[in-house]
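Protein chains in written order, with the numbering used here: chain Y, 1102 to 1381; chain P, 620 to 939; chain U, 9 to 478.
No wet-lab data here; the hints were simulated from the structure. Hints are all accurate, no fakes.
Residues of chain P clear of chain Y, computed beta-carbon distances all greater than 12 angstroms:
(1) L674
(2) F687
(3) L776
(4) R790
(5) G791
(6) K837
Cut-off 25 angstroms, straight-line C-alpha distance, at most; resulting in silico cross-link-like pairs (SDA-like, lysine to any residue):
(7) U/K457 x P/F691
(8) U/K221 x U/G291
(9) P/K734 x Y/T1122
(10) P/K697 x U/K457
(11) U/K295 x U/D216
Note that beta-carbon positions come from the ideal geometry of N, C-alpha and C, so glycine has one too.
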Amino acid sequence: MEVKTSKVRTVIAYIVLLILTFLCLFFFYILIINSTRSHAQIQQGFSAIPGKSFFINLKHVLHDANIPVLSGIKNSLIVSTGAAILATYFSAMTAYGLYAYSFKFRKAAFIFIMLILVMPTQVSALGFMRLMDNMHLLNTLWPLILPSVAAPAVFYFMYSYMQSSLPMELVEAARIDGCSEFRTFNRIVLPIMKPAIAVQAIFTFVMAWNNYFIPALIISENKKKTLPILIAALRSADFLKFDMGKVYMLITIAIVPIIIVYILLSRFIVAGVALGGVKE
Amino acid sequence: MKEKKEKAKQLKSVDYSKWGYLFILPFFLAFLIFQLIPLVSTVYYSFFEYYRSGLKVIGPNPVGLANFKALFESDFLKYTGNTLILWVAGFIPQIVISLLLAAWFTDVRLRIKGKQFFKVVIYMPNLIMASAFAMLFFALFSANGPVNHALVGLGILKEPFRFLSSVGGARGLVALMNFLMWFGNTTILLMAAVMGINPSLFEAAELDGCTPTQTFFKITLPMIRPILVYVLITSMIGGLQMFDVPQILTNGKGTPDRTVTTIIMYLNNHLFSKNYGMAGAISVILFIICAILCLVVYFTLNKDDTVHATRKHRGKEARK
Amino acid sequence: MKKYLKAGLVLVLALAMVFTMAGCGGSGSSDSADGGAEGGKGGKTLNIWCWNDEFQSRFNDYYPEVKEVADDKSTTTLNDGTVVKWTINPNEGNNYQDKLDEALLKQADVDDEEKIDIFLVEADYALKYVDSDTTMDVKELGLTDDDMAQQYQYTKDIVTDSNGVQKGTTWQATPGLFAYRRSIAKDVLGTDDPDAVQEALADWDKFDEVAAKAHEKGYKMLSGFDDAYRTFSNNVAAPWVDGDKVTVDANIVKWIDQTKTYTDKGYNNKSSLWDDTWNADQGPKGKVFGFFYSTWGINFTLLGNSLETKEDEGGKAEVGNGAFGDYAVCYGPQPYYWGGTWICGATGTDNADLVKDVMLKLTCDKDIMKKITEDTQDYTNNQEAMQEIADSDFSSDFLGGQNHIALFVEAAKNIDMSNAGAYDQGLNESIQTAFRDYFEGKVDFEKAKANFETAAKEKYPELKTFEWPK
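Using the sequences and the hints, build the whole thing.
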């Protein structure tokens, strides 16, 4: 009986997973196919068959002096890595501060952060740009990295994760062993938070990697532009140079580094970092 | 053992509160420096007439609550309805599939070959930029795209269905794209939460003869409740503030008949003239709606467990 | 809740005070740069803002004073040592205008080196800048009527403000024509001769008759809803807006009626400009009679779409490859233009002489204009130069041997853009969006009207009343 149900379960699981896998990979497939097709072909619509323009598109992208792909990748890597590290580390720290210590404004601080999380930010974009201008930070990567220290969504996740996976006994045990508070956080708490950090590092990284709107307001110099700005630049080309093959090629190029980062980081989640919890 | 307990008691009397302040300081500093002024000005200008006619700046002239009044006289309720429909249509499949996948992926008794592969693949759509994703959607679902070719070819449809010109079609595509982009994300969150559960609990459940379904409802779900609440709340905020997918899929138009216009798209329409008065008012109202909903969800779902109760509870469970 | 609200309000007010004070500080600290006494002296940097590299390549290739171009193209050095600094921000998400607006609004407060000298605008929103004091009178810069005598009048109208002052100039002219399939014309009208076809399409009533005939033969007259839009909107009797009143022109309503009829009767293919149906309709398998296209569209977009085997894929642009050679052009029912980029001198520039020289050389110099057209097939804004090309034995294989430059020359003279206005971009877009639902049968005429008015008021809060023709 039990064997039978588990077999049915396995079959259902396979069917669902295969459908989802098809949906997920199909989009990558046409993305890559489109990067092998010429502009005029892409304009005519969808095709599942690759074209012959892969190398032409690649050459066009790499030879466009106004589209510095390499520095674009570099800038995107700096911004995304920086944002991911700052957001995860400081969010874990803030969450720990509110989770492990009781102090007067603890509840107020928690509610305050949650309110920031809820506040729509669309309107403040130009204000942020003006502020950065006053701080002389336009055309630098700092405004794209430093604000990640205050990431309310990441904080909230860390806090929730601590609620379900970080027993205070462990912290108390560390204190008894004479660990300082910072040491406890860095040596005991962070390792336990590894899956949560990996998850949020991926999310923050990907979000920063694909972000266009704010970076485009902050950056005007070619050498500082991130990949989404360069993709947008290709899309605003004039009629002589407008080339969807080039656009798809650059999108494909832009996806390769995040896939690598994702696969590297996902080991922490995928391999199943088994957490001991409290081992007694 | 006794000694340790004594020491623990001593430690409890030590005042740790300054550490709490210290740990949360960087967050608040960064917030003060980078986000406070722009955010506050959003609220501030909602009480002003403040926009641009061409390059000419009109205002800011204080107008009291006029912007809010204008807002409620507009079709704001319609856009709120659109937003909720779009969110629910995407979120229900998303949470169901994600819970299912998270349960499967973390169930040691369910042997699926290539589990690692599937875990990696499901997140991949999120790696594609929304704008690139939308370009692919246009190609796939256009009147002479492959989806219509297939539907007509199989005899399901007589003539191509104009997805983006029909209310159901356009909303369906928005929901589908949101689902595809975010279900992997949610699955990963839930998986991480499940893996945070003490494995001895699952072992005990297995020894006691629990079926997988029982284990899921009796152990997994209650244990990951904080993360579930997190998923629900962040998805609700994301849903109410939905913007990029419907914006790109309808070329910023929210058509047909403004039925795919979400609240933030409506707000964005006002930014064409840099109308900080109206845009600010919409932000404030949306903020209030979001905050109330979040508080309701948060306190209903976390009713019985204040932080300390959870800990004690957990402690007991683990000891069993 | 109330308590929180109160506390929140206090906090907001307190911060607001800080904020306004900070704001004052910002605008007050401009005393040093405001003098502008050394205006004519000329800085060492010429700042040019644009949204793509089109003007950059024209400048680098054709401005005579160019000495060298940096490897990354970010700067161009001129013979006198001036460094041209290029700031290129993409259009997407309104990025270009957002940043340009911010920069122009604080133009008076920044150092000479940072002041914008030249910026580029598109026709759709040119008047937003032209109708403000951010742009300079070209005559004040030093251009004379004589200098610009060979430019097409409509290119000047588009950048002329409400007081009649011209504040920009362009090297391009983009007159539009109607490009039709010869084979379909033969089938429907019995002839593919451009003059005869023009005769058959000379006004909108005739156009509609041909559409009905084409439909009987199994063809579509147009591909999409907005194909003909420009032809109507370029020929309105008055600008969109007067004061705070929007007047929907009779010609716009004519477009609505025509498009509704075409859609209901199946005379069009329900596509939109640039979508894949529209592009495919121009290809070898297309069943569409013709397309409204201007200068750039014919030699690039239409030609590319017409080929069976694309050029990058090893195909040749020659007769026998798809619909190459099967197109021809005629004037169509009404003159119109589509596209174009204008150069504006920014108020506060510290390089006025240089700005003038750039305008003079790149938009008024007949030889340079002619060379640009010969090199790039970009149709340029010089009547004499274009006439010379038209008078040569120029012929286009793509158009079955037709000399289409000759038609452009004639068409460009008849374009009248004196009714262009600052609201064109937003209102043209809104009316097309609102009535698309009507064409598709999703809403009735009154609802579409209401949706248009809602959208217009969102975009332009200063607009109050709307008047529709009866």
